[in-house]
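Sequential numbering from 1 applies to the sequence shown in the UniProt record's numbering.
Treat the hints as calculated values from the structure; they're not laboratory data.
Only a predicted model underlies this, so the values are computations on that prediction, with no experimental measurement involved.
Using N, Cα and C, we set each Cβ at its ideal position, and we do this for glycine too.
Treat the hints with care, since some could be wrong.
[Said to hold, decoys possible] Capping the alpha-carbon separation at 27 Å, the derived lysine-lysine pairs in DSSO-like fashion look like this:
# : residue 1 : residue 2
1 : Lys2      : Lys192
2 : Lys91     : Lys62
3 : Lys2      : Lys199
4 : Lys136    : Lys199
[Stated by the list, open to error] Simulated DEER-style distance windows between Cβ atoms:
#  : residue 1 : residue 2 : range
5  : Met222    : Asn180    : 22 to 32 Å
6  : His251    : Met222    : 48 to 58 Å
7  : Ser233    : Lys199    : 48 to 58 Å
8  : Val130    : Glu178    : 33 to 43 Å
9  : Asn180    : His110    : 13 to 23 Å
10 : Pro38     : Pro198    : 15 to 25 Å
11 : Asn247    : His110    : 16 to 26 Å
12 : Gln137    : Asp67     : 15 to 25 Å
13 : Glu227    : Glu190    : 15 to 25 Å
14 : Asp36     : Asn85     : 36 to 46 Å
15 : Gly51     : Pro198    : 29 to 39 Å
16 : Met222    : Val130    : 48 to 58 Å
17 : Glu227    : Asn90     : 37 to 47 Å
18 : Thr145    : Asp46     : 19 to 29 Å
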Amino acid sequence: MKVGIFGANGRMGRVLIEALQECENTVLTLATVRDDSPWVGMNVGDVAGVGKQTVVCTGISKIRGDDVQVMIDFTLPAAFEHNLNWCVRNKIPLVLGTTGLNDTQEQQLHHAASIIPIVFAANYSVGVNVMLSLVKQAARALGNTADIEISEAHHRFKQDAPSGTAMAIGRVIAETLERNLNECAVYGREGKSPVRDPKTIGFATVRAGDIVGEHTALFADMGERLEITHKASSRLTFAKGAVRAANWLEHKKPGLYSMSDVLGLAEN
């Protein structure tokens, strides 16, 4: 599988280079950076610190789609539209890990998925996606009696809050309980507030140091509580999941897929 990376010099881009190097079924054939980036022309192995490779970083306006079978994008929302449109024009499947998309961008994503196959996930960790399945089970059993809180922690550089993964956990719970997350989510508490509404889903966010990613879904009832937690210690976990999704996309029909589809966790 010939794979390309948007934003190869980013934190996730560099780890993706490493993950692709370790995967026997894939080869990195395209790595993009901004046209004005000092990384243009640099060997991707030097960018990621994994030794010389055969590919150099190419300015985003110079890339071609004739030597790549799937693209992986973990860049910021500002680059989303350009990258998505390039994939659509060139009929290249996409593995998308960009979080913090607005409503218009989500509509663009759904339209693009009618033309090309796309895997879109807030988190590509296998463990996190198993966690989402477990959270759904917990919501079915405990959600109508327990108070529900979601906490997450990430490194100081992460811009969106709550994280895309925390929001994905919240959506799974809300959908399972037939609630509207936009109406029941509480994103912060300060000072004196009314007694907790049992239908709300609370979110707490930490940004500190070099925390890779930690997420906990708490179901607290009178006399007992259940906590479902995932902790990532390396971004390589996410990168390997994205590479797995890239391989899975081969020969898929246009559509918007999730990591649950990739892992066989999706319910029929």
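Hint-by-hint comparison with the structure:
| no. | hint | verdict |
| --- | --- | --- |
| 1 | Lys2 to Lys192 | 56 Å, violated |
| 2 | Lys91 to Lys62 | 17 Å, holds |
| 3 | Lys2 to Lys199 | 47 Å, violated |
| 4 | Lys136 to Lys199 | 16 Å, holds |
| 5 | Met222 to Asn180: 22 to 32 Å | 26 Å, holds |
| 6 | His251 to Met222: 48 to 58 Å | 52 Å, holds |
| 7 | Ser233 to Lys199: 48 to 58 Å | 35 Å, violated |
| 8 | Val130 to Glu178: 33 to 43 Å | 24 Å, violated |
| 9 | Asn180 to His110: 13 to 23 Å | 19 Å, holds |
| 10 | Pro38 to Pro198: 15 to 25 Å | 54 Å, violated |
| 11 | Asn247 to His110: 16 to 26 Å | 24 Å, holds |
| 12 | Gln137 to Asp67: 15 to 25 Å | 44 Å, violated |
| 13 | Glu227 to Glu190: 15 to 25 Å | 24 Å, holds |
| 14 | Asp36 to Asn85: 36 to 46 Å | 20 Å, violated |
| 15 | Gly51 to Pro198: 29 to 39 Å | 56 Å, violated |
| 16 | Met222 to Val130: 48 to 58 Å | 28 Å, violated |
| 17 | Glu227 to Asn90: 37 to 47 Å | 45 Å, holds |
| 18 | Thr145 to Asp46: 19 to 29 Å | 56 Å, violated |
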